[in-house]
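Engineer: Dock chain one against chain two, each of which comes alone in its own frame, and use the hints as you go.
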Amino acid sequence: MSLAERQDTISQDSAVWDGGMGSVGDYVALLKPRVMSLVIFTAFVGLMLAPGSVHPVLGAVAILCIAIGAGASGALNMWYDADIDEIMSRTRKRPIPAGKITPEEALAFGVTLSIGSVVTLGLLVNWFAGAFLAFTIFFYVFVYTMWLKRSTPQNIVIGGAAGAFPPMIGWASVTGSVSLESFVLFLIIFMWTPPHFWALALVKNSDYTAAKVPMLPVVAGETSTRHHILAYSVLLAPVGAAPYLLGFASPVYGAASALLGLAFVALAADIWRKREGDLAKAACWRLFKFSIFYLFTLFALLLGESLVLGA
Amino acid sequence: MAEEDKGIALTDEQKKKRRSRSIAIGIALAALVVLFYVVTIIKLGPGIMDRAL
Chain A
1 MSLAERQDTI
11 SQDSAVWDGG
21 MGSVGDYVAL
31 LKPRVMSLVI
41 FTAFVGLMLA
51 PGSVHPVLGA
61 VAILCIAIGA
71 GASGALNMWY
81 DADIDEIMSR
91 TRKRPIPAGK
101 ITPEEALAFG
111 VTLSIGSVVT
121 LGLLVNWFAG
131 AFLAFTIFFY
141 VFVYTMWLKR
151 STPQNIVIGG
161 AAGAFPPMIG
171 WASVTGSVSL
181 ESFVLFLIIF
191 MWTPPHFWAL
201 ALVKNSDYTA
211 AKVPMLPVVA
221 GETSTRHHIL
231 AYSVLLAPVG
241 AAPYLLGFAS
251 PVYGAASALL
261 GLAFVALAAD
271 IWRKREGDLA
281 KAACWRLFKF
291 SIFYLFTLFA
301 LLLGESLVLG
311 A
Chain B
1001 MAEEDKGIAL
1011 TDEQKKKRRS
1021 RSIAIGIALA
1031 ALVVLFYVVT
1041 IIKLGPGIMD
1051 RAL
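Respectively, the protein sequence lines represent chains A and B.
For the first sequence, our numbering begins at 1 and goes up steadily by one.
For the second sequence, our numbering begins at 1001 and goes up steadily by one.
Derived by calculation from the structure, the hints in this document are not laboratory data.
It is possible that part of the hints are untrue.
In silico DSS-like pairs for lysine-lysine, Cα to Cα no more than 30 Å straight-line [as the list claims (entries may be wrong)]: (1) A/Lys-100 x B/Lys-1016; (2) A/Lys-93 x B/Lys-1015; (3) B/Lys-1006 x A/Lys-100; (4) B/Lys-1015 x A/Lys-100; (5) B/Lys-1017 x A/Lys-32; (6) B/Lys-1017 x A/Lys-100; (7) B/Lys-1017 x A/Lys-93; (8) B/Lys-1016 x A/Lys-93; (9) B/Lys-1016 x A/Lys-32; (10) A/Lys-32 x B/Lys-1015.
Footprint (simulated), chain B over chain A, 3 or more residues, beta carbon under 8 Å [said to hold, decoys possible]: (11) 55-67; (12) 177-191.
The beta-carbon is built from N, C-alpha and C at its ideal position, and this holds for glycine as well.
The shape of chain B in the complex, shown without the other chains (with noise of 0.2 Å):
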């Protein structure tokens, strides 16, 4: 039988590391949300309550 094929091994020094990178991505992903929003808000304006019912 095979050996089970056990991929990449990160090293606690690289999982450490991916680690913070994640979180950088993360807030960085969260401030994109809130700066599209803030924009759509600011573009549109006072039009942004003018929709049809």
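Chain A extracted, bound-state conformation (with noise of 0.2 Å):
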């Protein structure tokens, strides 16, 4: 139904509304709950690994709001995409394509939830985060998803900046500052973020394609992208040890992130090797759940040292 339909239908008597038919489940879904997981366990490593202490109270609260900033996001994000959403089968059955929740329902929680994330953020831990989080939220709204989405192929490239700054914020919830141990954090997850994107994009090109978003299989081909995927993976590598390399992980750290590394290589090695019908895609997804678990044992492994050498 489009909206001049809609409010025509409104105006009638004892009219129907096609609105209010989202459930609390509903609304969850917009938030993108697998990646806010993600976002809150980064998040929480950057506060864990920051010099000083917080309250454990505040810390929580600190979490929970840039979770809830990060769901913001999300929720406008599907919003603003409902159109090529419902084009792509990875994203057709979200809330509103499938025709739960209206695009207004939708723009209206998600701007009362970035409100409100930052402001909590602002009121109950300190200024410097909540406007971090601000900016983050803006980022991946209006430079991400309104802009470079649709226009450039280096769109998760950039865009990308906004997944990568909740451990920089969960960091600036302890100190008021960011420092180079916490830009660190933002690079390991800013320069993991191309290669394991595109290698989703090389399985569901078909689906970017159709709906017109120009991720770089789309615009330079599968080739190029191969290229891109092994040298990005080359240059995370030494960006994965960098904690050990500066001083601020165990040596335990640098043998398992320069393992891991040479492992994600490895990985995109085959996908540059193998280019031709199901050995290819199955190369593609080996690479893209393993990018997900090395990240995790990343942060993980630093979180592991700071709990017990900080302990």
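Structural biologist: See below:
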């Protein structure tokens, strides 16, 4: 139903209304819970690694606000991208294209949570962290979603910064500032994002082509994307080891990150070699799944070390 | 005489979903009240008892 038709229907006596059909679960789905879980984890690691201490309740408030802010960004992203979500098989069942939540409801929900999370973080924790969260939401919604996503194949390279900020916000929640260490945490996620998403984009190329989203495989072709995945993986490996190289992680982390980095490059090389058919697709899925394990393990190691060494 | 404007008539399904959303909003607001109360106590610490009479 178009917006004009909807307004016409609402103006009639005893009119039916196509809104108000979203369940609590549908609104939770708007928050992109899987993305949110990664945000919570990386922000928590940033918070735990930061020098100094924060009251556990304030720490929990900071993580909650960062999580809600990330969820609000997801809701606003789904509001803006409802037209392309409807086309792609991966996103077709999201609440807006599925007709469970109207775009207006999603917009109101996203804006309310954005303001609420930023103000709560600012009031209860510190305003630097609050401003940083506001900037992250702005970056994800306006820079990535509205501008880059539909205009350049570098969309996820630059836009990936939004997903990499949470550990810095977690750090800032404790210290009220940022530092080289927190920037390294940012850099790990920033360099990890392109090969992670391009591996998925190679498999879902037809979806992005149909939706006219200029992902790298759509614009530059699959061969060029394979070159890019390999190049970014080679760059990611030393960045992953940077916490050890810069002296804020142990040799155990250094050895583990080196091994994981080599495995990442090996899987990227596998994608580079296998260009056709099911083998190529399987190689992409392998790197996509391993990339999640890679990021989780690096941050879990840093968290473990901070708990053991900080105790 | 003009017919009475009945406005939007919600279906049973919409009413059921609205009720569940209202409960969730109520819980979230109550949690926020508790949160701000607890953080106020934490931030003020012992100073919460220090007030002019």
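Engineer: Output the indices of the hints that this structure fails to meet, ascending.
Structural biologist: 12
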